Amino acid sequence: MFVTETRWLNAEEQRIWRSYLYSHRLLLDAIDAQLRRDSGLPHAYYEILVRLSEEAGRALRMAELADATRMSASRLSHAIARLEERGWVRRENCPTDRRGQIAVLTDDGFAALEAAAPGHVETVRSVIFDTLDEDQVRRLGEISEILARRLT
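Residues 99 to 250 in our numbering are what the sequence shown lists, from first letter to last.
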């Protein structure tokens with residue numbers, strides 16, 4: 099077995115890392131709290147509705163939706179079941195794959211998304227875009243894209 103020396107974080111890197119983690123958690127908590135309070139749905143469900151709303155026919159194969167939302171198949175299936183109970187999503191069999199299913203955003207689901215979106219966008223705007231100046235926003239976008247490319 100080949101063992102390499104651990105590249106420990108220096109004090110400044112450790113401070114930045116912990117600050118990033120803390121701010122990321124606070125951001126996700128704020129978004130989730132606003133959506134639950136104002137719309138009665140967790141951020142994960144909102145993300146599902148958004149992803150479906152952006153697709154042609156407001157439909158997507160469950161496997162693709164799981165990839166897009168970074169959810170396990172079982173977690174997504176549970177979330178879709180809760181959204182089906184509300185009448186916001188329905189499942190259809192995939193015509194090209196007998197084992198596959200398609201999640202479809204219903205008209206009621208689209209209306210729920212439209213009702214939830216303004217509060218969500220205002221929260222995102224107030225905690226990110228109103229806090230940073232134009233250059234910081236641009237750099238945040240660049241850094242986010244670099245990290246996403248590295249991780250995918």
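Think of the hints as simulated: they come from the structure by calculation, not from any bench. Treat the hints with care, as some may be off.
Stated by the list, open to error - Here are the simulated distance ranges between beta carbons:
1. V235 x C192: 17 to 23 Å
2. G198 x P140: 38 to 44 Å
3. S175 x R223: 16 to 22 Å
4. R237 x A171: 33 to 39 Å
5. E162 x T104: 35 to 41 Å
6. D205 x R180: 30 to 36 Å
7. R123 x E190: 22 to 28 Å
8. L107 x T194: 27 to 33 Å
9. A215 x V235: 33 to 39 Å
10. T229 x D205: 32 to 38 Å
Since the structure is predicted, the reported quantities are computational estimates derived from the model, not experimental observations. Note that CB positions come from ideal geometry on N, CA and C, so glycine has one too.
A quick look at each hint next to the structure:
Here the CB-CB span from V235 to C192 is close to 40 Å, at odds with the stated 17 to 23 Å. Between G198 and P140 the beta carbons are some 26 Å apart, a value that contradicts the proposed interval 38 to 44 Å. Taken as a hint, the range 16 to 22 Å is violated for the pair S175 and R223, whose Cβ atoms sit roughly 33 Å apart. At roughly 36 Å, the beta-carbon separation of R237 and A171 lies within the given 33 to 39 Å, and the hint holds.
Take E162 and T104: their Cβ atoms lie about 38 Å apart, and the range 35 to 41 Å holds. A beta carbon spacing of about 18 Å between D205 and R180 contradicts the range 30 to 36 Å that was offered as a hint. Checked against the given bound of 22 to 28 Å, the beta carbons of R123 and E190, roughly 36 Å apart, lie outside it. Between L107 and T194 the CB atoms are about 48 Å apart, so this pair departs from the stated range of 27 to 33 Å.
Between A215 and V235 the Cβ separation comes to about 20 Å, which falls outside the hinted range of 33 to 39 Å. One distance hint, 32 to 38 Å for the beta-carbon pair T229 and D205, holds here, with the actual separation near 36 Å.
When each numbered hint is compared with the structure, violations occur for hints 1, 2, 3, 6, 7, 8, 9.
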